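There are 2 protein chains.
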Amino acid sequence: MAKKSPGSQKREDSLSRERIIDASIALLDEAGESGLTFRALSLKLATGPGAIYWHVANKSELLTAACDAIVARAMNAPLADATPEATLRAIALGMFDAIDAHPWVGSTLAHAPGQLPAVRILERIGQQLRHLGVPREFEWTTVSALLSYILGVGGQNAANAQFAQAEGLNRTDFLASVANTWSELDPAEYPFASSIAKQLPDHDDRADFLTGIDLILKGIGSR
Amino acid sequence: MAKKSPGSQKREDSLSRERIIDASIALLDEAGESGLTFRALSLKLATGPGAIYWHVANKSELLTAACDAIVARAMNAPLADATPEATLRAIALGMFDAIDAHPWVGSTLAHAPGQLPAVRILERIGQQLRHLGVPREFEWTTVSALLSYILGVGGQNAANAQFAQAEGLNRTDFLASVANTWSELDPAEYPFASSIAKQLPDHDDRADFLTGIDLILKGIGSR
DNA sequence: ACATGATTGGAACGCCGTTCCAATATTGTG
DNA sequence: CACAATATTGGAACGGCGTTCCAATCATGT
Chain S
51 MAKKSPGSQK REDSLSRERI IDASIALLDE AGESGLTFRA LSLKLATGPG AIYWHVANKS
111 ELLTAACDAI VARAMNAPLA DATPEATLRA IALGMFDAID AHPWVGSTLA HAPGQLPAVR
171 ILERIGQQLR HLGVPREFEW TTVSALLSYI LGVGGQNAAN AQFAQAEGLN RTDFLASVAN
231 TWSELDPAEY PFASSIAKQL PDHDDRADFL TGIDLILKGI GSR
Chain R
51 MAKKSPGSQK REDSLSRERI IDASIALLDE AGESGLTFRA LSLKLATGPG AIYWHVANKS
111 ELLTAACDAI VARAMNAPLA DATPEATLRA IALGMFDAID AHPWVGSTLA HAPGQLPAVR
171 ILERIGQQLR HLGVPREFEW TTVSALLSYI LGVGGQNAAN AQFAQAEGLN RTDFLASVAN
231 TWSELDPAEY PFASSIAKQL PDHDDRADFL TGIDLILKGI GSR
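Protein chains in written order, with the numbering used here: chain S, 51 to 273; chain R, 51 to 273.
You may find that some hints are simply not true.
One copy or two, it doesn't matter: identical chains are merged, so the pair holds either way.
[Said to hold, decoys possible] EDC-like mimics (lysine to aspartate or glutamate), calculated; alpha carbons at most 16 Å apart, straight line:
#, residue 1, residue 2
1, 109, 63
2, 248, 189
3, 248, 187
4, 94, 68
5, 248, 173
6, 109, 68
7, 109, 131
8, 248, 234
9, 268, 79
These are computed hints drawn from the structure, not numbers from a lab.
Here the structure is a predicted model, which is why all the values come from computation and not from measurement.
Given the sequences, and given the hints that come with them, work out the whole structure.
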């Protein structure tokens, strides 16, 4: 019916891997991990589940692709020329902020070991470790420690966000409720946890994350 | 709920939270995370799904309880008297080995932030940090960094195991396939990843994990 | 104008977690 | 000991999920 711009006669509403991934990201951002279903996606794209499967193998691949889009954006951001340490901190913070903005990335990343998104982070960190002069024989353990820490924090942030959402709480109320549980633990059995509970609601995730990175960097420097 | 008293006339095959959790652990160990379903559980316990729900609120609680049983076992193991550093290493290795033996614990732990299983680990680590003389104002960031690292490594090990199982590979073949993918990346774009690929199949997860712990401990010591 | 292959979209399948409820087992009371 | 009250069981049923299948439609080369 409608004739398009000269050359292409493709329908304007045709599906494509890219449109599907964009819609998936939107769905995940709006409703969290459980918000991405093939039915909700079909609805948003005004099509059926079958059509989506022509462009995407399965849900796992779709999640990884959505995750990769976010990670690629974060890892391709230009960085000011600085010392390798400062650059490593910037890379780590970039991932922290990306996961903070899209909590589902944290848990998806944790479920796609060795896949493209994780490799992007590994690559970026590894290059800086070489600039830092880390000996070849320590490269793997070092990059692996940093990556594990970043993924660990990211996974926990994702879990916190999901847990809070499941209970209908915001971050502050959720932390307060956890702190309350901890403070009611038997001080004889849990002296540390019960005493640290009061610090829980006021702490700064981002600052703590960075302190952890610095701890590891300090450890690397003093080898 | 279940009452136990002398002369009790309870049927021998009665359900209990404990029996359900034990059966869940068995199922998870046999078939991985996806092996735990209320139907499989009913079959194993020779009952119906409804009966299980009388003892357990939902699947999430069941998973957390199963996870907690494993973590409690690992964290209550007696430790030789030793320096705080050595004890911290032993605690960390205890969790690593527990997750290695029950990969599903790694991913369950990552999804239950602030819950009992995580608190057990936090408590054990925190006590040693106090023995180590970490100042109060650094306690939270320090324990949090160690916990994040441990959960991060655990989560990745869990994901590796699950991924490998999904593709029907053992750990060695899975690592080899990942290494192969990495080595085929464009060396111009991924110089680090493509060059480190060959070290992937031969590395020792457990030793690398411990090196990461030492890196953090060294960072703590040199504050 | 038509044949061919790419692409669509909706129906259907077999799972899942969860709920519901009638049936049964156990306990407390006269 | 009888019998009401309560605790516990187990299976049917519900809605939603990922995935598969396939007839219908679209785009393209001849």
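Checked against the structure, which of the hints given earlier come out wrong? 1, 7, 9
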